[in-house]
Amino acid sequence: MFAYLVRRLAYAVPILLGVNLLTFALFFVVNTPDDMARMQLGVKRVTAEAIAKWKAERGYDKPLFFNGAADGTAKLTDTIFYAKSARMFVGDFGAAEDGRDIAREIATRIGPSTALAVPTFIVGLLVTVSAALLLAFVRGTRLDFWGVVACVAAMSVSGLFYIIFGQWLFSKALRLVPISGYADGLSAFKFLVLPVAIGVVAGLGSSIRWYRTLFIEEIGKDYVRTARAKGLGEGTVLFRHVLKNAMIPILTGVVVVIPQLFLGSLLMESFFGIPGLGSYTIDAINAQDFSVVRAMVFIGSVLYIAGLILTDLSYTLVDPRVRFD
Amino acid sequence: MSAIPVQAAPADALRVRDLSVGFAAGGRVLTAVDGVSFDLVPGETLALLGESGCGKSATALALLRLLPDAGRILGGRAELGGDDLLALPPARLRDVRGNRLAMIFQEPATSLNPVLTVGQQIGEVLARHLGLAGEAARARSEALLRQVGIADPAARLAAYPFQLSGGMKQRVMIAIALAAEPRFLLADEPTTALDVTIQAQILALLRDLQAQRGMGMLLITHDLGVVAEAAHRVGVMYAGQLIETGRRDDFFRRPAHPYTQALFAALPDVARRGRRLLALPGQVPTLARMPAGCRFAPRCPKAFARCGSEAPAWWPVPGAEEGGQQVRCHLYDPAEAARYREAFPSAPEPAVAGCGTDAAAMVTAGQDAATPAASDAPGAAPLLDVQDLQVHFPIRRGLFKRTVGWVKAVDGVSLHLERGRTLALVGESGCGKTTVGKGILRLLRPTRGEVALAGRLVPDHGRQALAPFRRQMQMVFQDPFASLNPRLTVGAILLEGMTALGLPGGKPGAAEREAAVAALLDQVGLPAEAAYRYPHEFSGGQRQRIAIARALAVQPDLLVCDEPTSALDVSVQAQILNLLAELQERLGLAYLFITHNFAVVEYLAHEVAVMYLGRIVERGTVDEVLRDPRHPYTRTLLAAVPRIAAAGEGAVGNVASPGETPSPANPPAGCHFQPRCPEADAACRARYPEETRLSPTRVVHCHRWAGKDVPPMLDK
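Residue numbers (the numbering used here), protein chains in the order written: chain A, 1 to 325; chain B, 1001 to 1716.
For the record, the hints were derived by calculation from the structure and aren't laboratory data.
All of these numbers come straight from a predicted model, not from anything done at the bench.
Keep in mind that a hint or two might mislead.
Simulated crosslink set (DMTMM-like; lysine to aspartate or glutamate; CA at most 20 angstroms straight-line) [stated by the list, open to error]:
1. Lys1708(B) to Glu1585(B)
2. Lys1438(B) to Asp1388(B)
3. Lys221(A) to Asp1069(B)
4. Lys53(A) to Asp34(A)
5. Lys221(A) to Glu1107(B)
6. Lys1401(B) to Asp312(A)
7. Lys1401(B) to Glu1418(B)
8. Lys1438(B) to Asp1479(B)
9. Lys55(A) to Glu105(A)
Work out the full structure: start from the sequences and follow the hints.
Take a look at the structure:
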């Protein structure tokens, strides 16, 4: 098990390096350092000197990957890539282009992000698994049929519709909760109720349908017939036999996203004005703030890899056949 | 239907009357079981015999109302102690399931819950029906595991199914079924998925438990050998109906229904060597298109006008005692006495090519069938010469995935095979026989060893270098359902090989290609129109014909047949074996026939090699090895095969050999077979036995025969 973990972590290094190189290259395919300077300095009164000065101050006057003018290892180290990206491997994200420290910004914004994402995730999982089990229990009946129809209908509606309709109905028409914004502490509750509810509802259709399929597939298996032949009730069969086996594929899709909950939601945070990491990323993209984008992509890939490792480890909890050695 | 073929059953019997089961398909309900009646009596085993799709499993599942979602019980009653199982409310039915009436299933690998321990799965039954929990339940579970022959039961309670072998899983399944001491047990093909030595163990176990507990057992099987070993009474099903019932001994002495007789005649056997097997024409009718009248009439060699229009009633078989063997066939109607005498000239004993005559034939067959050995042409280069073939798979562990050991799937196999001959490679699952086939064909890259085809060395790899050899040797796979690409037409499947290897059939114009495909299909007995259809439109037997045609498309000299008939019913197996024998005669093909079925070996093969844990333990002509086995493993295997020959005389009961095949990753020291061998001594535990040549054609690896080689001058 330990050897397995070490090996997986070792694999993560080249993956992260690759992600880093790719984001870096992609960003500078569409942007040059000159574009960045112009964007940061404002469109008016931009002189060539001001741009050169902006670039020099922030180290964007160097070559991207390879510095032919330097000596020895400096050919590689005295470049934008090395100076800006490589140091992230030791957790140093540096400052945003507007001068603010990225690490401190992340620390303050992670709170609102998790306050929104974690309840959405937990409530969503409980609701979808229960609803899917219910549909599997009544499979073949009219309730099952109309349940699936409702799922397909819910899947077919854009997520944006749920957000806009929800804001209109609950905030504007019924005036139950504020339309957007955020506050610290317990008062965050009234700001979070609506986005959490909408987040749950928007994901219901596809998940319920998918889990229902998994459950029904399990129900058709031989060991379920064995369980029934023992004289067990349908409830015992579903919860003790089917659920435990169906959890194996469900975990694949679920555990992998847990670490990423900390990154927040791009869409929900922007629409509801929640000052989390999702809206931070969106703002940075709009402002062409490469330092922030780079840092968020890097953290995203770290968390994704963590999610994959966690998924593998979680198998050992639910599936006795899986052992890593 | 007039008479119901059951005696006045005791009050505590499970009485099934007019059971009908259907399956919903496309808005219709197709009848799969039609008016089946029988009694299951405590202390007696009733075997329900039939080919796939005859409704035998649906019958058993219907009794516990465990049919799949599409299944419907259309009518009938199943009385157990005053209750009708088919009408009980669900809650009361659950009190019966696993308690008074328990069931074991065919596939032990999938019938146990993979994520619960053995203890949990047995404990559920104890808690549900006996109210046992905690220490009492644990002690009871241990006792149950001991009863089904599992060593170290305390430790096994904590094991998960994946940690057990197939035979052990089936033992656990039996322990679960017996946990609440049921009066009746339904066993649905309980040994079909198991190896022959394990099958013998499980059958012996079921027989003993059934006798000890005085249970009534319904044994569902397609295997006449299993019926002979374990049943007291037999019911034969065809196309959803019971067509013959009787006591086992009567049944084996003279099977009465023409279908039953055909089943016996289709069995491959040494006595039928060199002759064609009786293969029934056509197939079992589909549920949607059941013939009016007798359902067997369209395939029946003895059918007459009445059979096509009127469903036959039950008639006693002449000479049978009161309430004995009965059959559902017009020929047995006293009104058709003239036809009966014509159909069965030696009545009242309808002399069929059944087991009784075969038993005699088998004893004397030793001399008759000795021809293959004589036709060995010494000196000529064999078509296939395999020297010391090894296929090892690495076991990788640890941080850097270092190779810490090897699974020696094939560990030094040498074979040779002449043109136009058949070599059977026999062994139980996991012995490496399929890997030998793949290694020879270079579908797997061997670790070591040489393969020569017609005197030329087959290279280890390289598409170009292998192409000429691929033309010369082809493979027919076990599962005709999985081995044909469902998205290609049969024509495309047949042409693919020719095109890839640049054969004439692959190149020229459309007309020539069509002709080539038609010729191939004709060779395997399929119409030319088959080329435009897709594999799913064909039955299992037809698909295996297509698979054979595909292999023949490149005109090979050698066919490696990997269990080509094990997925097929007996009557269809006979068709395929006939085809293979005919093709060998006509085209001079050599077969490397990989199988676990000794009856097929006896019928088809000239030489046989027996494998155990990656090595050949005994090799020789079929007569030498099967009639006079020298290696203890070969003897064990042969003793485990359920034989129908003795059943007519009432003598059954094989000695089941102990133990199971160990893992090839960690073979026992010395001779691999010594832990299971009744004759093992110190020498066997010390080193692997050398090859001993007992005759010009036979070698054996066993210390008991060491030094008893034939003098070298006799050796070619």
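Evaluated hints:
1. As the CA atoms of Lys1708(B) and Glu1585(B) are separated by approximately 37 angstroms, the hinted pair breaks the 20 angstroms bound.
2. With a C-alpha separation of about 15 angstroms, the suggested pairing of Lys1438(B) with Asp1388(B) holds against the 20 angstroms cut-off.
3. Between Lys221(A) and Asp1069(B), the direct Cα distance comes to roughly 12 angstroms. Compliance with the 20 angstroms bound is thereby established for this hinted pair.
4. Of the supplied pair hints, the one linking Lys53(A) and Asp34(A) holds, its CA atoms being roughly 11 angstroms apart against a limit of 20 angstroms.
5. Proposed proximity of Lys221(A) and Glu1107(B) is supported: the alpha carbons are some 11 angstroms apart, at most 20 angstroms.
6. Restraint check: the Cα-Cα separation between Lys1401(B) and Asp312(A) comes to about 18 angstroms, which is no more than 20 angstroms; the hinted pair holds.
7. Proposed proximity of Lys1401(B) and Glu1418(B) is contradicted: the alpha carbons are some 43 angstroms apart, above 20 angstroms.
8. With a C-alpha separation of about 15 angstroms, the suggested pair Lys1438(B) and Asp1479(B) falls inside the 20 angstroms cut-off, and the hint holds.
9. For the proposed pair Lys55(A) and Glu105(A), the alpha carbon gap of about 23 angstroms is over 20 angstroms, so the pair is violated.
In this structure, the hints that do not hold are numbers 1, 7, 9, in rising order.
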